[in-house]
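Residue numbers (my numbering), protein chains in the order written: chain U, 1 to 385; chain Z, 1 to 484.
Hints in this document: simulated from the structure, not taken from any laboratory. Hints are not guaranteed to be accurate.
Short derived list, chain Z residues pointing at chain U, Cβ under 7 angstroms [claimed, not checked]:
{"id": "1", "residue": "His53"}
{"id": "2", "residue": "Arg84"}
{"id": "3", "residue": "Ala123"}
{"id": "4", "residue": "Gly128"}
{"id": "5", "residue": "Ser140"}
{"id": "6", "residue": "Asn143"}
{"id": "7", "residue": "Asn189"}
{"id": "8", "residue": "Ala190"}
{"id": "9", "residue": "Asn191"}
{"id": "10", "residue": "Glu261"}
{"id": "11", "residue": "Arg329"}
{"id": "12", "residue": "Arg371"}
This one's a predicted model, so the numbers in the text were calculated from it and none came from an experiment. In this text, a Cβ means the ideal position worked out from N, Cα and C, and glycines have one as well.
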Amino acid sequence: MRSFHGLAGALAVVAALIQCQVATPAPRRDGPSTYFSVIQPILEQRCLGCHGAEKGKGGLRMHTPLALLAGGESGAAFVAGDAAASEIVRRMRLGLDDPDHMPPDDKPQPSAAEVAAIEAWIAAGASFEARLEGLESQASASPAATIPLASEAQLAALRNELVHVQPVARGEAGLWIDFAAVAARTDDALALRLLEPLREQTVELSLARSRIGRATLELLATMPNLRRLDLRNTQLDDSALAALGRPRALEELIVVRTRVGDASLAQLEALPALRRLYAWNAGLSAQGLARLRARANLWVDAGDVPDAAVTEVEAPPKFSSDAAVPDAPPASPTSAAVNTLCPVSGKPVQALCTLVHDGRVIAFCCEVCLAEFKRDPSRFVVKTP
Amino acid sequence: MNPIQQHYLSLTRRRFFGTAAAGLGAGLGALALGDVLGARAYAQGGGAPLGPHFPPKAKRVIYLHMEGGPSHLDLFDYKPELRRRFNQDLPDSIRQGQRLTTMTSGQTRFPIAPSVFKFSRYANQQDGVWLSELIPHTASVANELCFVHSMRTDAINHEPGITFFQTGNQQPGRPSFGSWLSYGLGSANANLPTFVVMITQGQGNMQALAARFWGSGFLPSEHQGCKLRSGSEPVLYLKDPTGIARTDRRKMLDLIGALNEKEARESLDPEIDARIAQAEMAYRMQMSVPELTDFSDEDDETLALYGPDVRQPGSFAANCLLARRLAERGVRFIQLYMRGWDQHNGLPNEIKLQTQAVDRGQAALIKDLRRRGLLDETLVLWAGEFGRTVYSQGTLTESNYGRDHHPRCFSVWCAGGGMARGVSYGKTDDYGYNIVENPVDVHDLHATLLRVLGFDHERLTYAHQGRDYRLTDVAGRVIPELIA
Numbered sequence: 001m002r003s004f005h006g007l008a009g010a011l012a013v014v015a016a017l018i019q020c021q022v023a024t025p026a027p028r029r030d031g032p033s034t035y036f037s038v039i040q041p042i043l044e045q046r047c048l049g050c051h052g053a054e055k056g057k058g059g060l061r062m063h064t065p066l067a068l069l070a071g072g073e074s075g076a077a078f079v080a081g082d083a084a085a086s087e088i089v090r091r092m093r094l095g096l097d098d099p100d101h102m103p104p105d106d107k108p109q110p111s112a113a114e115v116a117a118i119e120a121w122i123a124a125g126a127s128f129e130a131r132l133e134g135l136e137s138q139a140s141a142s143p144a145a146t147i148p149l150a151s152e153a154q155l156a157a158l159r160n161e162l163v164h165v166q167p168v169a170r171g172e173a174g175l176w177i178d179f180a181a182v183a184a185r186t187d188d189a190l191a192l193r194l195l196e197p198l199r200e201q202t203v204e205l206s207l208a209r210s211r212i213g214r215a216t217l218e219l220l221a222t223m224p225n226l227r228r229l230d231l232r233n234t235q236l237d238d239s240a241l242a243a244l245g246r247p248r249a250l251e252e253l254i255v256v257r258t259r260v261g262d263a264s265l266a267q268l269e270a271l272p273a274l275r276r277l278y279a280w281n282a283g284l285s286a287q288g289l290a291r292l293r294a295r296a297n298l299w300v301d302a303g304d305v306p307d308a309a310v311t312e313v314e315a316p317p318k319f320s321s322d323a324a325v326p327d328a329p330p331a332s333p334t335s336a337a338v339n340t341l342c343p344v345s346g347k348p349v350q351a352l353c354t355l356v357h358d359g360r361v362i363a364f365c366c367e368v369c370l371a372e373f374k375r376d377p378s379r380f381v382v383k384t385p
Numbered sequence: 001m002n003p004i005q006q007h008y009l010s011l012t013r014r015r016f017f018g019t020a021a022a023g024l025g026a027g028l029g030a031l032a033l034g035d036v037l038g039a040r041a042y043a044q045g046g047g048a049p050l051g052p053h054f055p056p057k058a059k060r061v062i063y064l065h066m067e068g069g070p071s072h073l074d075l076f077d078y079k080p081e082l083r084r085r086f087n088q089d090l091p092d093s094i095r096q097g098q099r100l101t102t103m104t105s106g107q108t109r110f111p112i113a114p115s116v117f118k119f120s121r122y123a124n125q126q127d128g129v130w131l132s133e134l135i136p137h138t139a140s141v142a143n144e145l146c147f148v149h150s151m152r153t154d155a156i157n158h159e160p161g162i163t164f165f166q167t168g169n170q171q172p173g174r175p176s177f178g179s180w181l182s183y184g185l186g187s188a189n190a191n192l193p194t195f196v197v198m199i200t201q202g203q204g205n206m207q208a209l210a211a212r213f214w215g216s217g218f219l220p221s222e223h224q225g226c227k228l229r230s231g232s233e234p235v236l237y238l239k240d241p242t243g244i245a246r247t248d249r250r251k252m253l254d255l256i257g258a259l260n261e262k263e264a265r266e267s268l269d270p271e272i273d274a275r276i277a278q279a280e281m282a283y284r285m286q287m288s289v290p291e292l293t294d295f296s297d298e299d300d301e302t303l304a305l306y307g308p309d310v311r312q313p314g315s316f317a318a319n320c321l322l323a324r325r326l327a328e329r330g331v332r333f334i335q336l337y338m339r340g341w342d343q344h345n346g347l348p349n350e351i352k353l354q355t356q357a358v359d360r361g362q363a364a365l366i367k368d369l370r371r372r373g374l375l376d377e378t379l380v381l382w383a384g385e386f387g388r389t390v391y392s393q394g395t396l397t398e399s400n401y402g403r404d405h406h407p408r409c410f411s412v413w414c415a416g417g418g419m420a421r422g423v424s425y426g427k428t429d430d431y432g433y434n435i436v437e438n439p440v441d442v443h444d445l446h447a448t449l450l451r452v453l454g455f456d457h458e459r460l461t462y463a464h465q466g467r468d469y470r471l472t473d474v475a476g477r478v479i480p481e482l483i484a
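Produce the entire structure from the sequences given, and follow the hints as far as they go.
Below is the structure:
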């Protein structure tokens, strides 16, 4: 089966090349969509600091497919099927010295492979649902790909102490380690013994509610891939946090209900990758929080997120029955596809290869046809049985 | 993995846990095989969970199930036009031959009952969302909520409706959502069950809740939900009887465990392994549950956030706080059932009591998770099994009406866990009767939730009776717009 799919995929690539002169990656039948597995992680790492849920510079937000489709002040973010005409590609391809270059020259730049992945995704139709072969490997040139596997014996040592350890995803060497089950008896001795061999593999770590101190933070300081660290509900103070130093990959830090205060401000500001800081009921003053919030790319939650504002209030309801009764029955769409034959090839459709167009779910025989349809729906007629 | 190999591995693992020093050699002998072979990924099988297919946005779920079918028209789906259609008949062009329950199919008229409740618009990440005066606390976190106004289901009665939402199938017998996650993700805290269920008694008409709603179906039974009772003793018989020391209990379990292992070796019945695992879990829960349910380490600020009900065990507020405590202890799937939304008659009064019971607690849960840094990785889902009709069941007056079951459209909301923040998705017609934009099936919702949990819903499968089963059966479409 596998080789048959491989062959079919290869043929599809050839067909697509002939059709549109673009190196369309071959569709796959399993796995997450390329957008979610490849494209969105790149955007998260490189773009969302300024174009995300919290900030939308230039009117552009890229944190959800809808936001991405909406574009910004410069118009559409991309043109599906045409990488060269896409604004985000143009910006990334500009020279670093060009004021329009994105990301700005003082920010971490995407790798060549990452730019290529975004281009290939747009060229293939910029589908949020399609799965494209060949893109995974290009984009996984991230640092996480170079982490060596921990030995099963090292993992067993944690499990033996009822400490949770699990790869961050299937096939990855990076680990999520959580001391929740044994927090009350987790001290420096236990944490050091279990974590010392996993310095490189530790990516997400929770020591919440534990009794660890400075010694454990000294070890964490040497973890090159530590991305998320939860120190909630511990006795840690500024002098202990100082031992953490500046782990270069640390993006999320939770110091909720600790004694970390303003003496740690300079250190927190200097954490190079820090994007989110949770500091409710820590020792940080209002001025300290304001200073941190002024730092670019850093979201600080100190338990003071305002309630959603009321923007409009309805008058107390009054009833009448003077509205005209509508005569045209509204369409009642369903989530099932409206067609059984592919509008592009005329072949029977795949139930799981669909997109929504004009409020209808339309099915296709393959991802290539789906991308083709998406490029210009007006060229095709969807026959409903 | 070969089942026999798995069997022996599970035995060595058990010895390994029971007597760490003595078991070390044997345990590692089997486990280190992957290193010798130069593995490129961590070993799977042998009791280890599958793990997510790709990096998850959410690590756990808190599912607030509203048993009975809350009225979308009085809570979330704002239809001001209906105010001018009071007591008009529901047009056939809207009903479109929709089947009704026997509770209203005999009615001679189907008079439109606009909501008596006032709505206000709350700012979110889009152009705001209109919400009812019944839920002011929930509305205060509108900027976190992802509303689906175009939910639909195939079932029109509670039993199949709840079963469909929990298991992806209207007929009983399939594993519930929580069991699938337990199977797929495994436990993150070996001292607590992976899947915990808590029930709050409602204010109105209540339907029976069967334990199979949190059953594991054909999955191994250690994946079934563990129900915590409301009241002073969350787990019955958890305390050792007077005169029995904890060491005595240990000896007893070792002896029974040895007998069970002997039987498991001979019969190769996986349910015996589940039995051993559950006995060991109960032993560990003797220590972990009293600590879990003791709120004395919560500060006054937190208790005040959940409101006065939080001091009453079993209330929805208390269960919300317990849900947060379970979440921070690593429990994967926490399900709260709130009974009593089945408002066939006297809806305006009953829904007031019902929303008073849930509103403050559920809003507090979201705020509390958020400020502790847990909301990003905890997915909260609020959903009933269906919505309620726009026409009145029974007599309609300006201040009173009832509503029957309505599966064609209703509203659910999610928060946190990588779902889109502060958005509304899908639209219903002016009557709140049919979907006009972006319908979402139960399978679509399941597929989307599994996706943020790191799973491709088509590949989270279990072989049973000759075929691979999944939570989404043979359907389901991930809805990208719902994902952050």
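Violated hints - listed by number, lowest first: As far as the earlier hints go, only 10 is violated by this structure.
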